[in-house]
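So the protein lines, in turn, are chains A and B.
If you're matching positions, the first sequence starts at 0 in numbering that gives the first Met the number 0 and goes up one per residue.
If you're matching positions, the second sequence starts at 0 in numbering that gives the first Met the number 0 and goes up one per residue.
It should be emphasised that the hints constitute simulated quantities derived from the structure, not laboratory data.
Every residue gets a Cβ at the ideal spot worked out from N, C-alpha and C, and that includes glycine.
There could be a bad hint or two in this list.
[Said to hold, decoys possible] With the C-beta cut set under 7 angstroms, the calculated list includes, among others, these residues of chain A facing chain B:
no., residue
1, P70
2, P72
3, F76
4, F78
5, W86
6, L99
7, Y127
[What the hints assert, rightly or not] A few chain A residues that face chain B, going by a derived Cβ cut-off under 8 angstroms, partial list only:
no., residue
8, G71
9, L95
10, P96
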Amino acid sequence: MAFLDIEQVVFTYAGRSPVVNGVDWRMQAGDFHCLLGRSGCGKTTLLQLAAGLLRPQSGRIVLSGGELAAPGPQLGFMFQAPTLLDWHRVLGNVLLPVSLQRKPTPQDEARALQLLRQLGLAAHAHDYPRQLSGGQQSRVALARALILEPPLLLLDEPFAALDAITRAELQDDLLRTCRELGTTVLFVTHDINEAVYLGDRIALMQGGRIVDDIAITLPAPRTQALRHGPAFNEICARVRACMDRASA
Amino acid sequence: MNPTPLQARIMSAALFLVLLGLWELAVRQWGLSALVLPAPSAVAAALWTGLASGYFWPHIAATLQALVLGLAAGGLIGLFAGMALAESALLERVLKPYVVVSQVVPKLALAPLFVLWFGFGLLPTVLITALICFFPLMENTLTGLRQVDAQRLQLFRMLGATRLQTLLRLKLPTGLPAILAGLRVAVVLALVGVVVAEFMGASQGLGAVVIAAQGMMDTTLMFAALVIIAAIGLLLYQACIVLERRLLRAHAFPTSPSARSRANL
């Protein structure tokens, strides 16, 4: 039984052609899948459907327990921008998912501080978001998405606005943290390099459909050195060729 | 060369003294009657006598009481009305025309009517002040709460926040700078409202003092009352700024030079 099961999902905004047009996709627990495609191919909409923020017109999205996807603390979500609350300190931002459910306990705080330490932000726990760099803000957003240890993490191009070096660091942080927690991850990106480096599998999306399913056979855990090896570049070239073929 | 804030303050104070000096000089030079324009020294003397003898204090207390009550009532109602209208599009469509009509009627023109209805004294003054304070707070709350960006709203939906949580923990903090700007406007308008309302319907208060002084042809006393009104206005405005600094310390824009330099690191 799949952990996340997307069955024949169609989504249309009123009076337009379908944005997501009959998508089937399955994820096993602990998988790290990337949803790759050009801007406007429907990948963000599909992610919002998986999060339960949108309801499909037909088809359904089922989680392991058999319930339909719905927003809530069982899901971690990361947006394109860090979307932190300026009036809370870093610690308060990380604890937001907790404090919306109940009063945070000392254990919650210890957990948040530990996450911040893992992400190299221990010294910034009591700063305000505006005092941090873009990469640090993204790390805070990642810690916030992980604080409740959600079984499923959905990410919508979270590192798109960062410089290449910071992005690489954050990719490693993400991989390591999710491996430690056993989180299942669906990662949306338009960057072939990023998709190949992060994913076990890539779903190639085009015009509202998944047109290709590419398994990535790179050794895990990934390291930055991998990027310069022939195997990595060969896979990138193959994915690129698939994208070109799909759009031709 | 850019003057420092301290230098700018000194320049401002010096300008004040120069203007006072010119005024004093003009009055003495041309021998103007105190009925037309009393000299600053005479106003200062009247002010001191009034304060020392205790004549002004009950009037100051009455004006402040009406001001605080009116500001609190009008401000709170405005805040809650703004929140309700921001939360419910239906409520906004139904009620907004009435709110606008209530505001385009010149409220000070209602003073005689309120005196007719509620008699002389505190109540009509408070009501007019409240009516004046209501609008800037409602309008700014409405605008402020709408400034929340879509992604933050989605974040709160994603985290399973209730509507009340979204209002209290996302929309209100986002709108706080706008709400406080509304309060600042309301405070200044409220003082004008209290004084003018006291012109018509009060036996106590600084507005009543101005009218009494006019009746006694005591222009010096009138000026002394005006000085006190101006001082109250300045103090209230300053209090608003202090309140803003305290409440908005954590907000996006840096409020102090040290915060700014740290943000740039």
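Which numbered hints does this structure break? The structure conflicts with no hint, since it agrees with every one listed earlier.
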